[in-house]
Amino acid sequence: MTPVLEARGLEIAYGNARAVDGVDLEVRQGEIVALVGESGCGKSSLARALVGLVRPTRGEIRHLGTPLDYRRLKEYRRHVQLILQDPGGALNPRQTVHAAVAEGPRLHGLKGDRVTSALARAGLRPPEDYLRRYPHELSGGQQQRVVIAGALALEPSVIVADEPVASLDASVRGEILKLILGLRDELGMSALVVSHDLGLAWNIADRVAVMYLGRIVETGTVEEVLIRPRHPYTRAMLAAASGTATPLQGEPPDPARIPPGCRFHPRCASRTDECGSIDPPVRAGVACHLASLHLTPLEEIS
Amino acid sequence: QDTTLRVKMSGSGVDTLNPFLAFFNGALDIFGTIYPSLNSLDENGKPGPYLATEWTQGPDQLTWTFKLREGLKWSDGRPITAEDAAWTLELIRTDSVAGTANGSLVSNFERVTAPDPTTLVIKTKKPQANVMYVSIPISGIPIVPKHVWEPHVKELKDYKNDAFPVVGYGPWTLTDHRPEQYARFDANKGFVLGAPGFDHLVQQSFKESDAAVAALRSGQLDYINGVNPTQFTALKADSSLLAVQEVGNGWTGIELNPGARTRSGKPIGTGHPALREQVVRDAIALAIDKPTLVTKVINGLGQLGHGYLPPAWPQWSWKPAPEEEHVFDPAKANQLLDAAGYTKGADGVRVDPKSGKPLAFRLGTHSDDSADAAISTYLVGWLEAIGVKLTIQPLSMSALNSDLAKGDWDILMDGWTTGPDPTYLLGIQTCATLPKDDGTGGNTEAYYCDKDYDALFERQLTTADPAERATIVAEMQRTLYKANVDQILYYANTLDVARTDTVKGIVTGTPNADGLHPAQTAFWSYLKAAPPTATKAGAPGGSGGGTAVWLGLGALVIVAVGGTLVLRRRKTAGDRE
Amino acid sequence: MSSASTGTAVRGFGRHLAEKLAAAVVSFFVTLVIGFVIFSLMPADPVRTLTRGRPTSEAQLAQLRLQLGLDDPLWQRFLTFVGDTLRGELGYSWQFQQQVSTLVAERLGPTLLLMGTSAAVSVALGLWLGMRSGWRQGSVFDRITSGASLTLWSVPTFWLGMILLVAFSIPGLLPAGGMSDPSLPTTDVLDVARHLVLPCLTMVLVIFAQYVTVMRSSIIDERGAAYLLTARAKGLTDADVRRRHAAPNALLPSVTMIFMHLGTLVSGAITVEAVYSWPGLGYLTYQALKIPDLPLLQGTFIIFSASVIIMNLLADLAYRFLDPRVRAQ
Amino acid sequence: MRSLLWGVGVLAAFAVLALTAPLYIGDADLNVVKVTGPQLSPPVAGYPLGTDQAGRSVLLLVIWGARESLAIGLIATALTVVLGSAVGLLAGHYQGALGKALMHVTDWFIALPSLPLAISLSAVLGQGAASITIAIAVTSWTATARLVRAQTLAVEARPFIERARVLGAGNAQVMLRHVLPNVLPLILVSSTLTVASAILSEATLTFLGLGDPTSVTWGSMLQAAFSGGAVTAGAWWYLLPPGVAILIVVLGFTLTGRAVEHLLDPRRAAHA
Amino acid sequence: MLEVRDLNVSYGPAQAVRGVSFELDRGQTLGVAGESGCGKSTMALSLLRLLPDTAHVTGRVLFEGEDLLTARWARLRAVRWNAASVVFQGAMSALNPVRTVGDQICEPILLHERVSVKAARRRAAELLDAVGVPARRARDYPHEFSGGQRQRIMIAMALACRPDLIVADEPTTALDVMVQAQILRLLGDLVRESGIGVIMISHDLAVLAQMCERLAVMYAGRIVETGPARELIADPRHPYTRALARAFPTIGDPASRLAPEGLPGDPPRIADLGGGCAFAPRCASADAACRTRSVELWPSGRDRAAACLRVLEGEAS
Ligand SMILES: Nc1ncnc2c1ncn2[C@@H]1O[C@H](COP(=O)(O)OP(=O)(O)OP(=O)(O)O)[C@@H](O)[C@H]1O
Ligand SMILES: Nc1ncnc2c1ncn2[C@@H]1O[C@H](COP(=O)(O)OP(=O)(O)OP(=O)(O)O)[C@@H](O)[C@H]1O
Ligand SMILES: [Mg+2]
Ligand SMILES: [Mg+2]
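Protein chains in written order, with this note's numbering: chain Z, 59 to 360; chain W, 18 to 594; chain V, 77 to 405; chain E, 8 to 279; chain B, 14 to 330.
By construction, these hints were calculated from the structure, which means they are not laboratory data. Just so you know, not all the hints are guaranteed correct.
Said to hold, decoys possible - Dumping the calculated PhoX-like pairs for lysine-lysine here, alpha-carbon to alpha-carbon at most 25 Å:
1) E:Lys-41 to W:Lys-406
2) W:Lys-283 to W:Lys-313
3) Z:Lys-132 to Z:Lys-169
4) W:Lys-90 to W:Lys-307
5) W:Lys-313 to E:Lys-41
6) W:Lys-349 to E:Lys-41
7) W:Lys-307 to E:Lys-107
8) E:Lys-107 to V:Lys-96
9) W:Lys-206 to W:Lys-90
Unchecked claim - Quick partial rundown of chain E residues pointing at chain W, CB under 8 Å, derived from the structure:
10) Ile-32
11) Asn-38
12) Val-51
13) Pro-55
14) Ala-130
15) Leu-132
16) Gly-133
17) Gln-180
18) Arg-184
19) Gly-216
20) Thr-221
21) Ala-231
22) Ala-237
Note that the Cβ used here is the ideal one computed from N, Cα and C, for glycine as well.
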């Protein structure tokens with residue numbers, strides 16, 4: 059089956075900083091993929107490239123097998139929608155909820171009232187109560203629902219969500235995640251959810267891709283990656299999240315100065331001499347030439 | 018202590034101290050007091066002795082001989098001789114740069130020579146009656162010391178003449194000059210026409226006349242030559258000030274485009290054809306209420322306009338006979354126009370039967386002249402009453418001149434002042450001053466051109482007898498008056514104000530029946546001005562006392578500021594963080 | 077990281093400076109061309125205007141036209157002008173019959189004195205008042221300061237000048253005009269200062285409001301900043317928090333605006349110079365425009381444009397200097 | 008919002024006076040040939056603010072002057088705002104070559120000294136209200152352009168622009184539907200300030216002799232008063248009213264602008 | 014050392030903190046959890062009277078027996094930083110961008126201690142070293158540091174005057190998971206080594222669980238549950254605590270796999286709180302009594318208390 063959304067050898071450079079440095083990623087029909095990684099590793103850049111906001115310097119993006127044509131972006135975006143981290147900022151403060159949700163259909167010349175149904179589907183019920191409100195009259199969770207409704211109104215086949223709950227309250231977060239999960243279950247929509255939060259992946263994702271310094275260093279099903287992490291970076295992240303192991307040493311990496319060899323080796327606790335010279339490709343879902351050594355599950359994780 | 022007379026610098030200040038180049042009034046004023054001239058003007062504006070004590074026209078009518086005084090010395094001690102005068106005049110005649118400012122005055126000179134140190138001989142090309150006006154203070158040519166200027170002839174254009182004290186001769190010696198600020202002089206106590214009453218003279222530049230008046234009131238100035246009527250009226254009431262009126266040496270008027278054309282008769286420009294008609298110009302003349310202008314615009318401080326030459330020069334002044342005079346009579350003006358077939362249109366504006374154009378004229382005014390602005394609004398009202406529509410166009414002096422030269426005008430506000438020699442002013446009404454076909458060369462006043470007038474002009478040029486010359490000049494003025502191309506509205510009096518506590522004798526000559534003094538020609542005002550009493554009249558509240566007050570005030574400010582700071586500190590140290 | 081980034085910072089700064097300079101130079105030349113074109117379009121008859129009221133012969137008129145280059149075609153005059161400017165010469169004034177550079181140099185001093193003093197006083201006053209009133213927004217002090225500065229800002233300069241002149245030209249204390257007392261044998265600093273008071277006061281009263289406004293609003297913006305809370309938590313007094321923490325930060329947005337405003341100040345002084353007979357560049361320009369004296373106009377135009385451009389450049393540099401965040405880029 | 012009330016109140020009062028002026032001020036009050044008042048008289052019965060040199064009522068002149076002064080101020084502002092906003096918006100939106108070029112052009116105009124430019128413009132276009140209006144617009148649009156550009160950049164950086172793009176909005180849509188509405192309040196505020204400075208500029212330019220001295224504006228009244236020597240004559244009734252009128256109107260606009268700015272402050276709006 | 018009694022803070026009509034009381038001793042760590050806007054920062058800042066003028070504070074804050082809320086400003090300034098310092102939320106904005114970090118660390122030292130500038134610099138260098146930032150970078154400006162480094166600088170600054178109490182207001186919120194772990198370790202070590210009392214504020218229960226002995230969970234300006242950290246998380250008594258705990262799933266816990274949980278409804282607006290339990294509108298087990306009866310902290314176990322009627326009724330969990 060051809061993936062709904064697919065990135066092949068994607069590279070995005072800002073000047074001499076390669077924020078995304080050769081990424082292969084696919085999202086299949088009806089699947090939720092979580093893209094995790096620490097701050098600045100290129101997650102947002104990748105997400106933005108996937109909806110055509112950034113033009114990759116190399117590589118290509120395919121939607122249902124057809125490469126993205128930048129002259130026909132508008133059409134492409136009917137099928138691939140983006141949800142941003144900060145719902146407050148993503149809504150024009152001078153647009154009502156109705157205008158915000160109706161914008162997509164209007165721009166695409168879609169007929170019929172898609173607004174109320176989209177709002178209802180996004181969990182804003184009854185929709186009529188919200189139509190005339192302005193963003194500042196809504197809570198963060200409601201704002202995010204409006205943003206989601208705006209994307210839903212176009213009935214896209216994939217949603218790319220960049221940190222959809224990072225700016226929301228802990229209690230609200232679950233509700234939004236439920237919504238995304240529900241959309242997949244009800245509409246068969248696919249989603250790529252970008253986050254630095256492994257718990258989120260555990261909550262809703264089918265598959266996880268772990269990104270480090272512009273590369274996907276490990277991918278696989280949630281259970282595989284989060285319970286039996288193989289890449290030392292994934293292991294370090296999981297350890298940090300549970301607060302059990304010694305966290306990684308060193309500063310966050312800089313995409314303008316990617317170390318030679320394995321890009322993780324300067325911070326890797328289990329590096330060997332050859333790590334400095336071999337740049338390992340992703341093989342069997344992990345990009346570490348010593349991956350087989352770490353195959354045992356972390357004992358701390360129960 | 019030395020005494021200083023502080024006066025307002027006249028007009029627009031000093032453009033350059035180089036007398037061969039300068040055009041601005043302020044500069045000419047200075048040259049009049051620091052450089053000698055062949056003749057001076059007496060208090061009535063007639064030529065008098067200065068360097069020359071005698072001047073005679075030879076029998077050939079072409080040779081003028083000036084007898085110069087002996088024993089006068091330049092301020093650097095070198096003698097003043099006829100050679101200096103001859104050299105100056107010859108330089109202007111022969112060198113185009115040196116002729117920049119005054120070339121026209123010597124354009125009829127054939128040659129100027131100094132056969133001996135006290136004799137100056139001027140040979141003219143054609144007979145010239147006004148040679149004794151050529152070198153007079155301010156409006157004529159100043160004589161400069163040859164020994165100082167000869168080395169600078171090559172770079173005359175760039176020579177700034179600012180080595181102080183400037184070598185010259187006159188009632189005053191220029192000791193310092195700051196552009197746009199002031200000029201400072203020392204008295205020449207041995208001046209041949211009388212010693213100045215003050216030890217120093219300072220001319221200070223003021224751009225706003227109200228600022229100058231404030232300076233006069235506060236004692237920063239002793240004398241202002243030329244205030245405006247409202248100021249004058251206000252200052253007259255002040256007993257500590259002396260406000261005097263002098264007969265005006267200029268007129269304010271309008272000029273009507275009689276059909277601009279070149280010397281060869283080719284019409285140019287966009288002038289309204291109706292104005293070429295005598296009857297239209299006459300009607301306009303009758304429709305203007307000149308007495309009202311005098312009372313309303315210049316507060317009655319002037320005389321009704323008649324002749325082309327101003328009353329400051331009684332020898333030339335002319336008045337129409339009562340039957341010739343255009344007296345305000347709108348009804349008659351309407352009659353004239355009706356009779357000539359200029360019927361009123363629906364909007365009340367008459368239409369020119371020949372061209373079919375309405376009698377709607379542009380009235381160009383000098384945008385920087387407040388009197389123009391005032392007058393023009395009256396003109397609009399009066400002419401409306403005879404079915405003539407005026408549209409006021411305020412123009413910069415430069416734009417106005419440009420329109421004038423191109424013939425792109427209907428009616429313009431106009432005004433001239435003149436020195437005692439009327440030749441130039443009369444000259445610009447001759448056909449010879451029309452522009453050439455290429456548009457250059459013209460300095461005509463208003464495109465007036467009349468054969469008879471030209472003939473009279475030539476005659477007065479060569480008429481040596483002053484009385485006879487005056488009759489011819491009067492006839493010329495009558496011709497102009499009738500033509501109504503230039504309509505003289507009024508002659509504004511010159512209005513001067515002086516402090517009475519620091520200066521006396523600032524005006525010279527005896528006032529006439531109306532209390533008008535003769536025009537203050539040349540340097541007489543400053544020369545005859547003197548401190549009022551033998552006791553030294555320091556500046557009121559002079560710098561000594563002033564400094565004390567000043568320092569006191571400064572101290573007060575410091576104490577106040579310091580005090581507040583201390584108090585503040587105490588307060589902030591207290592409660593709220 | 078530190079040393080390496082400093083290296084790039086310096087290089088980056090050099091490049092930035094070079095770029096800015098290049099843009100400034102281009103700006104400068106474009107404004108010159110615009111100025112030339114506009115001034116050349118002015119309908120004018122300088123010769124007649126210059127000789128107005130003076131006996132002038134036809135030959136003299138022709139000679140003057142020739143001397144002033146009025147008969148040259150426009151393009152040739154333009155080339156001459158560009159050539160002159162490149163050589164640093166500003167041409168020859170028509171009305172003053174002098175080198176424009178001499179004239180401009182003569183008048184620049186007084187203008188700089190007046191503008192410099194006024195700017196310094198009003199910047200200092202404006203920033204100080206703005207800082208205090210912004211810090212205690214809504215206080216009596218704030219209301220008085222804001223009200224007064226707004227009112228003064230709304231007053232036409234020349235009008236205020238005239239009124240101050242009449243009200244305060246006190247015998248022996250404050251003179252009604254000029255830059256120094258001509259009856260003093262030498263120029264005396266105190267005397268010039270005395271003459272400076274009223275024109276400077278007029279300028280200051282009108283322009284300081286702008287600085288008050290800018291400083292006040294940037295202080296208000298800064299007031300909620302978290303680092304001020306840190307400073308307070310450290311136990312600093314309110315005044316110290318304001319002076320040592322809020323002020324330097326609030327200054328940043330003000331600086332650009334102040335410099336830009338300073339650039340336009342020079343040409344904005346015409347009315348004050350006229351009212352107080354200050355022998356500066358503003359009034360010279362005004363005179364030049366009346367004739368119009370094209371070379372002189374160009375000369376002053378160059379000064380004015382250059383001052384704006386230079387001030388903009390300085391604004392940029394000052395900003396970079398004051399803000400370490402931009403400094404490193 | 009007391010200052011808003013004050014500002015708007017003052018402006019409304021002036022607007023009403025100016026608009027209804029033809030109802031009670033006629034040719035007989037303004038035409039120098041027809042007026043009958045005493046010359047330069049201090050306030051007396053019938054002339055509550057005295058008279059000018061021609062004997063016209065200063066009060067009526069000030070009211071009449073509001074018409075042209077306000078008209079010049081408003082029209083100049085409209086020109087400034089339209090031009091400045093268009094340039095600023097385009098320069099902020101198209102950050103590539105077009106934006107750079109526009110900013111350069113703006114920089115050039117900023118460097119042009121305003122007064123000489125105004126004077127030469129009025130020489131070219133003919134003196135009077137029209138040239139003054141144009142001169143003010145030509146020299147002041149740059150400030151608006153810079154401001155709008157800065158604000159546009161700020162708005163463009165906000166996430167909702169990105170969202171709009173992803174929803175399929177093109178450049179025009181983004182500019183007109185998203186950027187403009189968010190920049191508009193700022194434009195509104197800045198335009199009230201522009202009116203204020205335009206009225207001041209009008210007065211200054213007219214004072215320098217660039218206006219039509221025969222028309223009645225506050226600037227030309229002041230010019231006539233000054234050049235006629237009203238200061239020396241102590242004719243405060245002639246000098247003060249036009250100046251105070253300018254002050255009040257400018258203050259009115261400024262207060263309104265400030266108050267509106269305050270009302271539109273996003274920080275307030277967000278809490279509202 | 015610190016005893017807070019019935020602290021109330023209101024911004025005009027909006028009551029941000031409503032009757033908070035707690036105690037803290039040297040060497041103890043108290044975690045305060047709760048979602049955005051529930052009054053955590055307000056409570057923390059009110060301890061040192063750092064709130065803006067618009068805030069109205071009542072109650073007692075006894076620090077070493079002295080009531081800081083009524084102390085004179087000069088006295089208070091002496092306490093600030095010297096005895097109690099603050100690590101603020103968002104280190105980027107809490108550091109002055111135009112002054113070097115060295116300067117900013119030295120400032121309180123010079124202010125509170127009679128030492129030479131040189132000595133202060135030396136101390137600043139030591140502190141930087143202690144938190145793992147190279148001392149030579151004291152001359153750099155805040156923007157030249159990464160988020161984690163800046164936060165460490167904030168911590169170094171908080172330690173500058175060797176305070177007895179540190180209030181850390183969301184010290185790790187803006188940070189990446191990896192860096193966050195580092196910072197928490199650092200703070201934990203410091204507390205252990207020097208016996209400082211710490212109040213740590215966060216909305217992330219997981220973070221607090223790592224750091225603190227005791228926890229207080231706040232909701233709408235009130236402490237709704239308090240107790241030993243581990244117990245509280247493992248066995249929450251208050252439904253809000255329960256929801257909060259579930260919002261941060263344990264990876265590998267099959268219960269939360271593909272089953273995100275949240276609270277329906279919106280966080281409360283403190284401006285329009287009525288009587289009754291503030292949490293009632295979002296509470297699944299709320300009844301009519303919850304909406305009317307006012308709740309307070311009732312003991313809910315050993316060393317624990319919760320503000321829930323269910324607890325009072327003995328319906329544990
Ligand atoms: N427009 C840009 N210009 C230059 N560099 C950029 C730009 N956008 C991102 N970068 C850099 O690219 C790298 C990756 O950024 P990106 O925003 O994709 O990271 P991220 O994984 O989303 O991080 P975060 O979790 O902080 O959102 C970072 O180092 C960032 O500084
Ligand atoms: N200066 C202020 N004026 C008015 N209300 C304020 C002010 N500061 C905070 N509030 C309100 O007080 C309540 C508590 O705010 P506080 O900052 O203490 O919350 P918090 O728990 O720290 O939230 P966060 O997790 O977002 O930091 C909020 O509703 C907030 O809107
Ligand atoms: Mg991101
Ligand atoms: Mg907080």
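Status of the hints after comparison with the structure:
1. A hinted pair counts as satisfied when its Cα atoms are at most 25 Å apart, and E:Lys-41 with W:Lys-406 qualifies at roughly 16 Å.
2. Only pairs whose Cα atoms come within 25 Å are accepted, and W:Lys-283 paired with W:Lys-313 is rejected, the gap being roughly 41 Å.
3. The hinted pair formed by Z:Lys-132 and Z:Lys-169 meets the criterion: a straight-line CA distance of about 17 Å does not exceed 25 Å.
4. A C-alpha spacing of about 51 Å is found between W:Lys-90 and W:Lys-307, which places the hinted pair above 25 Å, so the restraint is violated.
5. In summary, the hint linking W:Lys-313 to E:Lys-41 is supported, as the alpha carbons are separated by about 13 Å, within the 25 Å threshold.
6. This hinted pair checks out: W:Lys-349 and E:Lys-41 have alpha carbons roughly 20 Å apart, not beyond 25 Å.
7. Of the supplied pair hints, the one linking W:Lys-307 and E:Lys-107 is violated, its CA atoms being roughly 62 Å apart against a limit of 25 Å.
8. For the given pair, E:Lys-107 sits about 13 Å from V:Lys-96 by alpha-carbon distance, which is consistent with the 25 Å threshold.
9. Pair hint W:Lys-206 plus W:Lys-90 holds up; C-alpha atoms about 13 Å apart against a cutoff of 25 Å.
10. The interface hint given for E:Ile-32 is broken, as the beta carbon of that residue sits about 16 Å from the closest beta carbon of chain W, more than 8 Å.
11. Hint status for E:Asn-38: holds, given a least beta-carbon distance of 5 Å to chain W, under 8 Å.
12. Contact between E:Val-51 and chain W, as hinted, is not supported at the beta carbon level, the nearest pair being about 18 Å apart and thus beyond 8 Å.
13. Interface restraint check for E:Pro-55: the shortest CB-CB distance to chain W comes to about 21 Å, outside 8 Å, so the restraint is violated.
14. This hint holds: E:Ala-130 has a C-beta 6 Å from the nearest C-beta of chain W, less than the 8 Å allowed.
15. Violation of the interface hint for E:Leu-132 is found here, the shortest Cβ-Cβ separation to chain W being roughly 11 Å, above the 8 Å cut-off.
16. Contact between E:Gly-133 and chain W, as hinted, is supported at the beta carbon level, the nearest pair being about 7 Å apart and thus within 8 Å.
17. Among the interface hints, the one on E:Gln-180 is violated; its C-beta lies about 49 Å from the nearest C-beta in chain W, farther than the 8 Å criterion.
18. This hint is violated: E:Arg-184 has a C-beta 47 Å from the nearest C-beta of chain W, more than the 8 Å allowed.
19. For E:Gly-216, the shortest C-beta to C-beta distance to chain W is roughly 4 Å, which falls under 8 Å, so the interface hint holds.
20. A hinted interface residue such as E:Thr-221 counts as satisfied when its beta carbon comes closer than 8 Å to some beta carbon of chain W; here the least separation is about 5 Å, so the hint holds.
21. The closest approach between the C-beta of E:Ala-231 and any C-beta of chain W is roughly 6 Å, which is under the 8 Å cut-off, so the hint is satisfied.
22. Satisfaction of the interface hint for E:Ala-237 is found here, the shortest Cβ-Cβ separation to chain W being roughly 7 Å, below the 8 Å cut-off.
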